[in-house]
Amino acid sequence: AQKITQTQPGMFVQEKEAVTLDCTYDTSDQSYGLFWYKQPSSGEMIFLIYQGSYDEQNATEGRYSLNFQKARKSANLVISASQLGDSAMYFCAMREVASGGSYIPTFGRGTSLIVHP
Amino acid sequence: DSGVTQTPKHLITATGQRVTLRCSPRSGDLSVYWYQQSLDQGLQFLIQYYNGEERAKGNILERFSAQQFPDLHSELNLSSLELGDSALYFCASSVTPLPGEETQYFGPGTRLLVL
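As you go down the protein sequences, you meet chains A and B in turn. Counting in the working numbering, the first sequence runs from 1 upward without gaps. Counting in the working numbering, the second sequence runs from 1001 upward without gaps.
Note that these hints are calculated values from the structure, not bench results. Note that the structure is predicted; figures quoted are calculated from it, not measured. All C-beta atoms in this analysis are idealised placements derived from N, C-alpha and C, irrespective of residue type, glycine included. Hints may contain errors.
Using 35 Å as the maximum straight-line C-alpha spacing, the simulated DSBU-like pairs for lysine-lysine come out as follows [stated by the list, open to error]: (1) K3/A with K1057/B; (2) K16/A with K73/A; (3) K73/A with K1057/B; (4) K1057/B with K1009/B; (5) K3/A with K70/A; (6) K70/A with K16/A; (7) K73/A with K3/A; (8) K70/A with K1057/B; (9) K16/A with K3/A; (10) K1009/B with K3/A.
Residues from chain B that keep clear of chain A, each with C-beta distances beyond 10 Å, as calculated [stated by the list, open to error]: (11) T1007; (12) L1011; (13) T1013; (14) G1016; (15) V1019; (16) R1022; (17) S1024; (18) L1030; (19) R1063; (20) E1075; (21) L1083; (22) L1112; (23) L1115.
Work out the full structure: start from the sequences and follow the hints.
Printed below as a string of structure tokens:
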């Protein structure tokens, strides 16, 4: 079963506008972590933001914020004041503890964001 | 720059061959992860090491193996290569795999092309 779902394969936004990228997750663990990564066309994976399952406040990092709704199992990324350089693939990921105490990270299929001037 | 280094950046080889990909984690990071990214499979977790010991296994083929050395660098060995092994291979590192310290920082990747 898919553990991370990103339902938007592609998104378009006007420069300077805000955009929300959706992510829902599936886990039965109480302790887990949620991440967003950006992958520009150059290929590298850039860490953006982290939310722990016990964190009561939504995480923020500059123009990025994570809208964490635990009961709905959603962890949407909000980018405020989009810039042309934000055009990239965005991946949502989850860390959960697997059997034996090991940790298996799971990534979604990604959302392609294009920012128009 | 994440601080994670990977070599080589590009690798072209033939089917049936064996290659070794190398990764140096960020200074102070004890945990190393390997991923394969392809168009059809997305980003797949392969294997994780923590302070020299294997910690978790994902979708890693038996033809693939990895290790983490005492200086914490890691190598991913791919053998009996097939066309379908062509992909972008990432290494990532984190301080530990423990909650609150598990944010992974990715290297630039090694692009492998099997002809």
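Okay, the hints, checked on the actual structure:
{"no.": "1", "hint": "K3/A with K1057/B", "result": "holds, 17 Å"}
{"no.": "2", "hint": "K16/A with K73/A", "result": "holds, 29 Å"}
{"no.": "3", "hint": "K73/A with K1057/B", "result": "holds, 25 Å"}
{"no.": "4", "hint": "K1057/B with K1009/B", "result": "holds, 24 Å"}
{"no.": "5", "hint": "K3/A with K70/A", "result": "holds, 15 Å"}
{"no.": "6", "hint": "K70/A with K16/A", "result": "holds, 29 Å"}
{"no.": "7", "hint": "K73/A with K3/A", "result": "holds, 11 Å"}
{"no.": "8", "hint": "K70/A with K1057/B", "result": "holds, 28 Å"}
{"no.": "9", "hint": "K16/A with K3/A", "result": "holds, 32 Å"}
{"no.": "10", "hint": "K1009/B with K3/A", "result": "holds, 31 Å"}
{"no.": "11", "hint": "T1007", "result": "holds, 15 Å"}
{"no.": "12", "hint": "L1011", "result": "holds, 14 Å"}
{"no.": "13", "hint": "T1013", "result": "holds, 19 Å"}
{"no.": "14", "hint": "G1016", "result": "holds, 27 Å"}
{"no.": "15", "hint": "V1019", "result": "holds, 18 Å"}
{"no.": "16", "hint": "R1022", "result": "holds, 17 Å"}
{"no.": "17", "hint": "S1024", "result": "holds, 15 Å"}
{"no.": "18", "hint": "L1030", "result": "holds, 13 Å"}
{"no.": "19", "hint": "R1063", "result": "holds, 21 Å"}
{"no.": "20", "hint": "E1075", "result": "holds, 20 Å"}
{"no.": "21", "hint": "L1083", "result": "holds, 20 Å"}
{"no.": "22", "hint": "L1112", "result": "holds, 13 Å"}
{"no.": "23", "hint": "L1115", "result": "holds, 20 Å"}
Comparing the model with each numbered hint stated earlier shows that all of them hold.
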